[in-house]
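Based on the provided sequences and hints, a complete structural model is requested.
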Amino acid sequence: GQQLNQSPQSMFIQEGEDVSMNCTSSSIFNTWLWYKQDPGEGPVLLIALYKAGELTSNGRLTAQFGITRKDSFLNISASIPSDVGIYFCAGRGSGNTGKLIFGQGTTLQVKP
Amino acid sequence: GAVVSQHPSWVICKSGTSVKIECRSLDFQATTMFWYRQFPKQSLMLMATSNEGSKATYEQGVEKDKFLINHASLTLSTLTVTSAHPEDSSFYICSCDGQYFGPGTRLTVT
Chain A
19 GQQLNQSPQS MFIQEGEDVS MNCTSSSIFN TWLWYKQDPG EGPVLLIALY KAGELTSNGR
79 LTAQFGITRK DSFLNISASI PSDVGIYFCA GRGSGNTGKL IFGQGTTLQV KP
Chain B
4 GAVVSQHPSW VICKSGTSVK IECRSLDFQA TTMFWYRQFP KQSLMLMATS NEGSKATYEQ
64 GVEKDKFLIN HASLTLSTLT VTSAHPEDSS FYICSCDGQY FGPGTRLTVT
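For the record, the sequence lines run as chains A and B. Per the working numbering, the first sequence starts with residue 19, numbered consecutively. Per the working numbering, the second sequence starts with residue 4, numbered consecutively.
Derived by calculation from the structure, the hints in this document are not laboratory data. Every value quoted in this text rests on a predicted model; they were computed, and no experiment measured them. Glycine included, C-beta positions come from ideal geometry on N, C-alpha and C. Just so you know, not all the hints are guaranteed correct.
Stated by the list, open to error - Okay, derived cross-link-like pairs now, BS3-like style, lysine-lysine, Cα gap no bigger than 30 Å in a straight line:
1. LYS69/A <-> LYS88/A
2. LYS117/A <-> LYS54/A
3. LYS69/A <-> LYS17/B
4. LYS69/A <-> LYS117/A
5. LYS117/A <-> LYS23/B
6. LYS58/B <-> LYS117/A
7. LYS117/A <-> LYS67/B
8. LYS88/A <-> LYS44/B
9. LYS23/B <-> LYS54/A
10. LYS17/B <-> LYS58/B
11. LYS54/A <-> LYS69/A
12. LYS44/B <-> LYS69/B
13. LYS44/B <-> LYS117/A
14. LYS117/A <-> LYS69/B
15. LYS44/B <-> LYS129/A
16. LYS44/B <-> LYS67/B
Unchecked claim - Sample of chain B residues with no beta-carbon within 10 Å of chain A, all distances over it, derived:
17. HIS10
18. ILE15
19. LEU79
20. HIS88
21. GLU90
22. GLY101
Structure, rendered in structure tokens:
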């Protein structure tokens, strides 16, 4: 089925460094969402984007809805050990009434 | 956002048996709920959309007779895995509003 291309697949960084990950799609989306998932738990919503060009922050996290509506990025500034986890982008197209398409995930490891 | 609970959080069953997983919306009346499945080291894949008072809508490749969905009220949807096989072992996650997710249910079929 339809899938988002998320990159990078994994990252291993030093505490304090900034992180950037992105998602692209061949289709237009009306909503972009970014989630963090810890082992054995459900995904937790970090940031929701609803308008092309929108730039939204949540603490050290910043995400943008691409102008073309086919991409989005998530930045994490000054990473800390608790940022470790898997980050997923998800998109929703028009008329999909709640159905989300997920990216493959980015596994983030932070070295103290 | 919507607060979602799932029960059980984990379950182990034998091949051939059926298992029921509950998804509850604690603070939101959900006419539509969503069931996802996640295999180890993979992403979430939508299985079906649960519609209150009517039949669920299944994604391509998901057997509706194997994964029975019942959405009898605005706060409860259930997913029953019938005649479970080891390949059904997975992490099942629901969403009550298409944006917020439950904590997931780990199913292991032996």
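10 Å Cβ clearance of HIS88/B from chain A = holds, 22 Å
message = So if I understand the rule, the pair passes when the alpha-carbon distance is 30 Å or less; does LYS117/A with LYS23/B pass?
response = Status holds; Cα separation ~23 Å.
task = Would you mind confirming whether the straight-line C-alpha gap from LYS44/B to LYS69/B stays at or under 30 Å?
result = holds, 24 Å
request  = Verify the proposed pairing of LYS69/A with LYS17/B, using a straight-line Cα cut of 30 Å.
outcome  = violated, 47 Å
ask   = Has the given pair, LYS117/A with LYS69/B, been kept, meaning a C-alpha gap of at most 30 Å?
value = Holds. LYS117/A to LYS69/B sits at ~21 Å (cutoff 30 Å).
message = So if I understand the rule, the pair passes when the alpha-carbon distance is 30 Å or less; does LYS88/A with LYS44/B pass?
response = Status holds; Cα separation ~25 Å.
request  = Report holds if the minimum CB distance from LEU79/B to chain A is greater than 10 Å, and violated otherwise.
outcome  = LEU79/B is indeed farther than 10 Å from all Cβ atoms of chain A, at 17 Å.
request  = Compare the distance between the alpha carbons of LYS17/B and LYS58/B with 30 Å, and conclude whether the hinted pair is satisfied.
outcome  = holds, 28 Å
query = Taking 30 Å as the top limit, are the C-alpha atoms of LYS117/A and LYS67/B close enough?
reply = The hint holds at about 18 Å.
request  = Mind verifying the non-interface call on ILE15/B? Its CB should be farther than 10 Å from each CB in chain A.
outcome  = holds, 15 Å
query = Are LYS69/A and LYS117/A close enough, with their CA atoms no more than 30 Å apart?
reply = With Cα atoms ~18 Å apart, LYS69/A and LYS117/A stay inside 30 Å; holds.
query = Was GLU90/B rightly flagged as not at the interface, with every chain A Cβ beyond 10 Å?
reply = holds, 19 Å
When the structure is compared with the earlier hints, violations turn up for hints 3 and 22 and for no others.
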